[in-house]
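Student: Working from the sequences, and respecting the hints, build out all of it.
Protein chains: 2
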Amino acid sequence: MGHGTNRVEDMSSPNNGTAATATATAGGETIVEIHSVCLPPKKTAFQKLKKRVADVFFPDDPLQRFRNQTWRNRVILGLQSLFPIFTWGSHYDLKLFRSDVVSGLTIASLAIPQGISYAKLANLPPIVGLYSSFVPPLIYAVLGSSKHLAVGPVSIASLVMGSMLSESVSPTQDPILYLQLAFTSTFFAGLFQASLGLLRLGFLIDFLSKATLVGFTAGAAVIVSLQQLKGLLGIVHFTGKMQFIPVMSSVFNHRSEVSQHHLIEVNYNKSKQPRFFSYNNVTILQWSWETIVMGMCFLSILLTTRHISMRKPKLFWISAAAPLASVIISTLVVFLIRSKTHAISYIGHLPKGLNPPSSNMLYFSGAHLALAIKTGIITGILSLTEGIAVGRTFASLKNYQVNGNKEMMAIGFMNMAGSCTSCYVTTGSFSRSAVNYNAGAKTAVSNIVMASAVLVTLLFLMPLFYYTPNVILAVIILTAVIGLIDYQAAYKLWKVDKFDFFTCMCSFFGVLLVSVPLGLAIAVGVSVIKILLHVTRPNTSEFGNIPGTQIYQSLGRYREASRIPGFLILAVESPIYFANSTYLQERILRWTREEETRIKEFNATTLKCIILDMTAVSAIDTSGLEAVFELRRRLEKQSLQLVLVNPVGTVMEKLHKSKIIESLGLSGLYLTVGEAVADLSSTWKANGQP
Amino acid sequence: MGHGTNRVEDMSSPNNGTAATATATAGGETIVEIHSVCLPPKKTAFQKLKKRVADVFFPDDPLQRFRNQTWRNRVILGLQSLFPIFTWGSHYDLKLFRSDVVSGLTIASLAIPQGISYAKLANLPPIVGLYSSFVPPLIYAVLGSSKHLAVGPVSIASLVMGSMLSESVSPTQDPILYLQLAFTSTFFAGLFQASLGLLRLGFLIDFLSKATLVGFTAGAAVIVSLQQLKGLLGIVHFTGKMQFIPVMSSVFNHRSEVSQHHLIEVNYNKSKQPRFFSYNNVTILQWSWETIVMGMCFLSILLTTRHISMRKPKLFWISAAAPLASVIISTLVVFLIRSKTHAISYIGHLPKGLNPPSSNMLYFSGAHLALAIKTGIITGILSLTEGIAVGRTFASLKNYQVNGNKEMMAIGFMNMAGSCTSCYVTTGSFSRSAVNYNAGAKTAVSNIVMASAVLVTLLFLMPLFYYTPNVILAVIILTAVIGLIDYQAAYKLWKVDKFDFFTCMCSFFGVLLVSVPLGLAIAVGVSVIKILLHVTRPNTSEFGNIPGTQIYQSLGRYREASRIPGFLILAVESPIYFANSTYLQERILRWTREEETRIKEFNATTLKCIILDMTAVSAIDTSGLEAVFELRRRLEKQSLQLVLVNPVGTVMEKLHKSKIIESLGLSGLYLTVGEAVADLSSTWKANGQP
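Just so you know, the sequences run in chain order F and Z. 223 is the number that UniProt numbering gives to position 223 of the first sequence; each next residue is one higher, with no gaps. 321 is the number that UniProt numbering gives to position 321 of the second sequence; each next residue is one higher, with no gaps.
Please keep in mind that the hints were generated in silico from the structure rather than gathered at the bench. It is possible that some hints are incorrect.
Any copy, or any two copies together, can satisfy a pair, since identical chains are not distinguished.
[Claimed, not checked] Here are the simulated SDA-like pairs of lysine to any residue, each with C-alpha atoms no more than 20 Å apart in a straight line:
hint	residue 1	residue 2
1	K495	P356
2	K398	R634
3	K498	D55
4	K442	L397
5	K352	L455
Tutor: Given below as structure tokens:
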């Protein structure tokens with residue numbers, strides 16, 4: 001009956017994992033072939049730790065390509081892996097260059113107006129946006145491994161930096177300190193990004209799930225859009241806060257201080273005592289109709305061009321060229337009507353010249369250092385997530401690899417260098433990268449071309465932006481962020497996975513109503529709780545045999561699967577951990593009770609054996625082992641046998657080490673449910689049991 | 001070839017889950033029986049939510065016994081489930097009572113000295129310890145469902161309360177406020193425990209894993225033992241802190257203030273300027289040799305009796321009676337030598353009489369409320385964990401059920417009532433429950449007997465404790481907590497699961513060196529990170545066929561398992577979540593690359609198909625679905641087919657909803673690896689491929 005064979009592989013010959021076969025002949029009747037369950041090859045604790053560390057930190061096996069190479073080749077490969085430019089630089093030719101010039105100029109026409117706009121979103125001087133479109137792309141071209149990433153400031157990171165810093169420091173009252181903090185945050189963002197890459201902790205950004213990001217981006221886009229109402233409606237005094245409620249009250253309730261002051265004066269003179277409540281009734285809004293008209297015109301133009309390009313990707317250049325064209329036209333208009341009206345506010349003087357060094361502005365001590373570090377880490381994570389996601393998207397379209405950890409180092413060094421050359425946080429922008437890809441970019445040279453165009457602008461063209469109206473910058477931002485509200489993705493989440501949709505909503509409303517970092521934290525917390533909940537309350541299901549086969553499947557799903565009299569076959573669909581060991585033990589006992597009630601009702605064969613299919617139990621800890629042991633003890637008191645089927649390698653090893661296998665007895669462990677049923681049935685028959 | 005059959009069950013007949021069988025006949029050669037993969041029965045989102053909520057909050061199906069009952073029976077069952085005393089009270093007889101009296105008196109002889117000692121551990125007046133051994137056991141006898149739990153103050157909760165409260169409020173300088181905070185904390189502990197039970201959140205205490213508790217208890221026991229050095233060595237001035245370092249420095253460096261002052265005076269007079277460093281050289285320790293001698297004598301007696309009882313459980317009464325006997329003897333000794341020496345400090349006057357009401361001392365506002373709530377929650381969790389664990393242990397020995405959530409409510413109400421009657425936090429004590437069990441307790445009446453003995457003590461015997469020396473209380477605590485250091489359990493953790501051992505050490509050193517709440521938080525954090533790490537970096541393994549069978553098993557474990565030419569069979573051992581979707585995708589592509597390198601090396605058959613065994617993939621989310629989709633797209637670019645095998649119910653449903661199954665094509669989904677291999681091979685043969 002197979003009991004004579006030692007069914008657990010002997011530990012003394014650990015690598016000789018042959019599945020010893022025992023043929024069970026019970027009373028000369030049935031012949032059942034029984035396979036033993038192997039222990040995995042023996043490893044020391046150190047080997048296991050090494051494998052585990054390699055799995056966690058080096059899943060891509062980065063040193064593999066260096067094996068079996070000469071030293072010279074290794075140096076070349078090392079240089080190539082540090083500076084990807086060496087990989088493609090050697091066979092770069094004129095044809096590739098032609099494509100890159102076209103795409104580089106196209107993204108430059110987007111990057112210049114967007115740079116100026118996004119800097120304003122971060123409450124920084126517009127010129128900083130252009131500086132940030134010059135140095136970082138050059139550095140990325142040398143270090144980065146994506147061929148299509150268009151590097152520069154992006155809306156989300158700009159928004160978050162602006163909102164977090166201006167909560168503590170006013171960009172208008174304390175502009176120098178604000179600028180210092182912005183550069184310092186950028187430095188810490190870079191440092192954090194580079195360290196994540198160096199320490200190979202890149203997997204941490206995986207915890208920002210797709211669902212979290214969809215909600216977060218949409219929430220941030222709504223806030224940015226609302227903020228643009230300031231520029232779009234020509235309001236002068238506006239809240240510095242980022243939440244929905246203060247912004248909306250800014251739009252509808254704020255008047256200029258002058259008029260407020262005036263009202264108080266008037267009331268005071270009338271009644272000889274100030275009536276502060278009186279100006280609650282006043283509804284004079286401080287909107288400028290000229291600005292609104294201009295804004296609406298250009299907004300409809302930009303949205304139309306965006307719509308056209310989305311419909312026909314070949315016409316990408318329409319939406320790519322539209323922002324620069326709008327800037328030029330609107331600047332001309334304002335220039336022409338400058339003597340007639342002053343209602344439309346414009347940028348004004350911008351300094352000419354290249355990035356000034358800013359390393360002396362980094363701020364490593366003092367009261368605001370904690371704020372700078374916090375802002376740096378959050379903008380760092382967000383810009384990294386965007387950069388990596390965009391890089392991976394286009395790499396997958398063209399079927400090449402973007403290495404996450406290396407990309408993090410590239411983005412990190414780019415930001416650290418940027419913080420010393422008057423740049424703020426930059427990363428790969430989704431919209432510009434898409435344009436870059438569609439315009440036929442072939443290598444990172446398109447970033448160099450773009451940087452050169454920005455260089456020319458910085459050196460010679462800055463005075464041309466004097467009359468550029470602020471409203472056009474608001475319109476450019478609006479058009480860019482409206483595309484970030486991905487309601488279709490949210491709808492798909494709702495359809496496929498309600499819990500993911502819930503995470504998405506948490507992150508959306510958290511960002512909109514609470515704050516950017518807290519909203520993100522809530523969404524990550526909810527996603528982690530989902531994982532923990534799945535582990536805490538795992539699924540168990542009863543299996544039955546599909547007649548005529550050796551297949552055992554869930555009775556709930558497969559109608560023709562049928563119970564085997566005398567057996568209760570349960571599958572546990574989760575690792576058995578401290579968090580679920582008590583639950584699983586109780587749940588299995590409940591299955592047993594329910595099965596016995598059913599048996600009484602239908603007068604079926606008495607239950608004799610519980611088979612636990614452990615195929616999906618991918619890990620077990622000491623609490624889990626204790627639960628299995630306790631379960632066996634309690635079932636034994638009810639004269640029921642417990643049998644384990646197909647524990648995976650690590651589980652098998654721990655069962656062995658904790659002596660549970662010995663306590664289960666020889667017939668307590670099988671490789672498949674079918675073999676367990678066959679062997680146990682034949683044993684019972686041989687013993688004359690029904 | 002089975003392609004003609006619709007292999008995914010039609011959604012329109014969701015409950016008709018018959019595994020449609022298709023017989024594949026490829027070129028008249030092979031006959032392969034193919035089973036289709038079923039979708040689980042269709043359920044609305046609400047039904048799913050309901051099932052999920054029931055799984056999480058009502059895993060024990062508490063209303064099951066009320067079904068199919070008359071209203072009268074339901075009322076009786078309801079009363080019985082609220083007050084378990086009604087369940088066993090009706091058939092209680094003299095024989096049971098006799099057992100309960102014996103065990104009740106035995107635990108009373110332990111409870112009285114321990115009550116006084118533990119109250120001192122919590123920096124409370126000794127009498128509060130006796131009060132706490134009177135009211136709570138009576139309440140538990142009515143509400144509790146364990147038959148063997150001996151209720152009263154316990155060492156860990158007393159220690160934690162003492163350490164947390166005395167960090168902010170001095171028990172000697174502000175005794176009334178301290179007492180108020182102790183009762184308030186007890187109230188919040190009870191409230192928290194009862195709410196956990198009422199809201200059925202009992203599973204939260206499962207997050208304190210066995211490993212965490214072993215480390216925590218040992219750390220707390222070390223601290224308590226060190227604290228007892230004060231009593232044992234007769235030191236007068238001692239630190240109020242609980243960490244290792246301040247306690248050790250208290251033992252070896254502190255002298256009485258008088259001598260310090262004296263030394264400074266001396267130095268000052270000598271040199272005319274204070275030399276503060278000078279008294280670092282002085283080693284006059286403030287130990288009292290009489291106390292040390294007495295302590296050592298009784299310590300060795302108590303440890304010996306404990307050792308005897310552990311060796312022979314029948315002699316449990318020796319260790320049970322020893323503490324009371326020691327108290328009596330030592331009190332007599334001190335009484336007799338009271339005129340000769342005052343070196344041995346004793347308890348002094350204790351008030352006579354029953355528990356005074358203390359509801360007027362509860363403190364629901366003011367500066368220390370947050371501290372009281374925090375202390376309440378932490379002592380609440382700890383005492384709950386101990387109570388439930390002890391209850392379950394003895395219930396499992398006698399094979400009856402202790403309902404976690406109901407037990408939480410019982411302990412919670414007991415503490416809330418206690419806080420109004422001058423009691424501090426109580427729960428089921430492990431040592432006293434073990435004695436209770438060994439002394440033959442049959443029902444909770446033993447608690448009533450114990451409470452009556454405490455009542456008699458409170459009313460008549462209090463003056464007898466006047467000369468009880470403090471050193472004997474220290475010895476009793478020491479003996480009790482030394483048993484809590486379970487080094488064997490720690491060694492077993494080390495042997496079976498290194499990570500659990502690490503958790504255990506985190507909790508041990510966290511409690512010892514940092515603080516009780518932080519140490520616990522660190523250990524829980526580490527345990528949760530372990531779960532997340534397992535999900536973030538799941539195991540994947542390559543499977544092969546065991547010749548002559550339809551069994552596919554890990555190539556690493558089963559030596560005779562062999563690869564099937566043209567196939568790469570991979571098993572994923574984890575749910576596919578946002579946290580691991582990128583990793584899994586990359587890891588599977590790496591498996592493919594490595595397999596292709598191997599094939600090149602050995603000139604084997606070209607790889608044509610990747611089979612993903614999804615049996616252990618117990619869940620999938622939208623990021624996971626996207627990863628599968630993307631994986632399929634990338635494999636297709638390399639002309640490789642992706643086939644999924646045996647996805648479980650929920651995974652199958654989501655694959656269906658997200659249209660991935662359609663995109664996989666008809667031959668992209670199989671029930672077993674064997675069927676997939678057979679069907680695909682025959683298809684290739686029919687198409688004339690090698």
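Student: Each hint needs a verdict: does it hold in this structure or not?
Tutor: Against the structure, the hints:
Taking the closest pair of Cα atoms, K495 and P356 never come within 20 Å of each other, the shortest separation being 52 Å inside a single copy and 61 Å across copies. Proximity of K398 and R634 under a CA criterion of 20 Å is satisfied inter-copy only: 10 Å between copies versus 59 Å inside one chain copy. For the identical chains of this complex, K498 and D55 are inter-copy neighbours only, at 17 Å across copies versus 31 Å inside a copy, given an alpha-carbon limit of 20 Å. Within a single copy, K442 and L397 get their C-alpha atoms as close as 13 Å, which meets the 20 Å cut-off; across copies the closest is 72 Å, which misses it.
In this assembly of identical chains, K352 and L455 lie within 20 Å of each other by CA distance solely inside one copy; the values are 10 Å within and 91 Å between copies.
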